[in-house]
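Q: Sequence:
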Amino acid sequence: MDTRQLKTLVSIWKHGTFAKAAADVCLTPAAVGQQISALEQELNVCLFDRSSRPPKLTPQGLQAIEMANQILRLEEDTKLSLKGDLVSGTFVIGAVRSSALNLLPAAMVEMKKDFPSLKTNLKVGDSSYLVSEVASGQLDAAIIAEHVKIPTNLKWSPFISEPLWLISAQDLSGLSLKEILTQQPFIRFSNNVPLANLINTELSRMEVTTQDVAEVDNIQSIITCVQHGLGVSVVPQMSINPSLSGYFKVPFGTPQIHRQLGIVERQSSPRKAVIDQLHEILAAKIHAAHEQLNEDSQNQHGQA
Numbered sequence: 001m002d003t004r005q006l007k008t009l010v011s012i013w014k015h016g017t018f019a020k021a022a023a024d025v026c027l028t029p030a031a032v033g034q035q036i037s038a039l040e041q042e043l044n045v046c047l048f049d050r051s052s053r054p055p056k057l058t059p060q061g062l063q064a065i066e067m068a069n070q071i072l073r074l075e076e077d078t079k080l081s082l083k084g085d086l087v088s089g090t091f092v093i094g095a096v097r098s099s100a101l102n103l104l105p106a107a108m109v110e111m112k113k114d115f116p117s118l119k120t121n122l123k124v125g126d127s128s129y130l131v132s133e134v135a136s137g138q139l140d141a142a143i144i145a146e147h148v149k150i151p152t153n154l155k156w157s158p159f160i161s162e163p164l165w166l167i168s169a170q171d172l173s174g175l176s177l178k179e180i181l182t183q184q185p186f187i188r189f190s191n192n193v194p195l196a197n198l199i200n201t202e203l204s205r206m207e208v209t210t211q212d213v214a215e216v217d218n219i220q221s222i223i224t225c226v227q228h229g230l231g232v233s234v235v236p237q238m239s240i241n242p243s244l245s246g247y248f249k250v251p252f253g254t255p256q257i258h259r260q261l262g263i264v265e266r267q268s269s270p271r272k273a274v275i276d277q278l279h280e281i282l283a284a285k286i287h288a289a290h291e292q293l294n295e296d297s298q299n300q301h302g303q304a
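Under the UniProt record's numbering, the sequence shown is numbered contiguously, ending at residue 304.
Treat the hints as calculated values from the structure; they're not laboratory data. Virtual Cβ for every residue (Gly too), placed ideally from N, Cα, C. Do not rely on the hints blindly, as some may be mistaken.
[Claimed, not checked] Restraint ranges, calculated between C-beta atoms of paired labels, are given here:
1. Ala19 - Asp212: 46 to 54 Å
2. Leu175 - Ser221: 18 to 26 Å
3. Arg53 - Lys149: 34 to 42 Å
4. Gly16 - Val45: 16 to 24 Å
5. Glu291 - Arg53: 52 to 60 Å
6. Ala23 - Arg205: 51 to 59 Å
7. Leu175 - Arg205: 18 to 26 Å
Please build the complete structure, drawing on both the sequences and the hints.
A: The following block contains the structure:
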């Protein structure tokens with residue numbers, strides 16, 4: 001099996017057509033077609049349904065894409081390993097849209113000081129998608145939330161455990177947490193957000209039925225809705241900006257619930273040294289950010 005054929009196959013998948021893939025791999029469309037036909041003969045499967053225009057990948061073709069990505073990544077890692085250089089090339093990291101994403105670019109810049117020959121590429125997506133990309137070799141690692149099923153060939157190492165807070169645009173200090181949740185309009189996370197499972201589990205334990213007014217799929221939109229007085233919600237500590245005036249917060253859960261973020265990687269990743277360094281940098285930056293948030297919050301309350 002020629003890895004050039006696999007690169008062509010992956011290019012068709014990425015670009016959607018044989019013609020666009022031909023331009024990407026610097027071949028004629030006819031040569032691309034010949035490579036795919038030869039690959040199909042060697043594998044004894046039909047990779048594309050040619051009855052549609054443009055041709056679409058068959059189920060076997062989609063499976064071949066996953067295997068091709070793994071083979072091509074292994075080829076790259078093998079070349080680097082034989083050169084004694086696993087800290088060059090491109091390190092592809094994924095991340096969920098979370099409060100920790102604000103710290104990741106700075107962490108990547110700091111990491112490059114230790115690995116100057118390493119290029120970095122950041123991709124953002126939801127946790128389930130990122131896990132599948134790490135498993136298939138498209139990503140070296142990804143920052144994801146807990147409560148996502150991790151395949152056995154991957155491992156997840158948490159670097160942050162941050163408390164959850166119920167927040168409101170108005171002062172509700174005369175009410176208990178349960179009274180706030182039952183009496184105030186509630187802005188809920190969409191079920192596809194891992195944080196939603198953590199919050200919903202605690203609401204169920206408290207036997208609380210909320211008055212939902214909105215369902216949102218990201219933290220920043222939740223914060224904006226609360227700031228404009230649409231209702232109350234539950235968010236991680238890192239997402240709360242102490243400089244915002246007029247917000248009220250109370251610990252969510254008894255004891256207060258925490259959510260975890262961590263790095264998922266393959267069990268035997270050739271980028272282990274890079275991932276371990278990134279993990280340490282992120283943990284340090286998160287700790288410093290939490291200390292600053294606590295200090296700013298105390299100063300704000302002291303001036304009130």
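Q: Each hint should be assessed against the structure and marked as holding or not.
A: Outcome of the hint check:
As the Cβ distance of Ala19 to Asp212 is approximately 48 Å, the hint placing it in 46 to 54 Å holds. In this structure, Leu175 and Ser221 meet the distance hint of 18 to 26 Å, their C-beta atoms being roughly 25 Å apart. The hint said 34 to 42 Å for the Cβ distance between Arg53 and Lys149, and at roughly 37 Å that hint holds. Range check, Gly16 to Val45: Cβ separation about 21 Å, and the 16 to 24 Å hint holds.
Checked against the given bound of 52 to 60 Å, the beta carbons of Glu291 and Arg53, roughly 59 Å apart, stay inside it. The beta-carbon spacing between Ala23 and Arg205, approximately 56 Å, falls within the hinted interval of 51 to 59 Å. Our hint of 18 to 26 Å for Leu175 and Arg205 holds, since their Cβ atoms are close to 19 Å apart.
No hint from the list above goes unmet by this structure.
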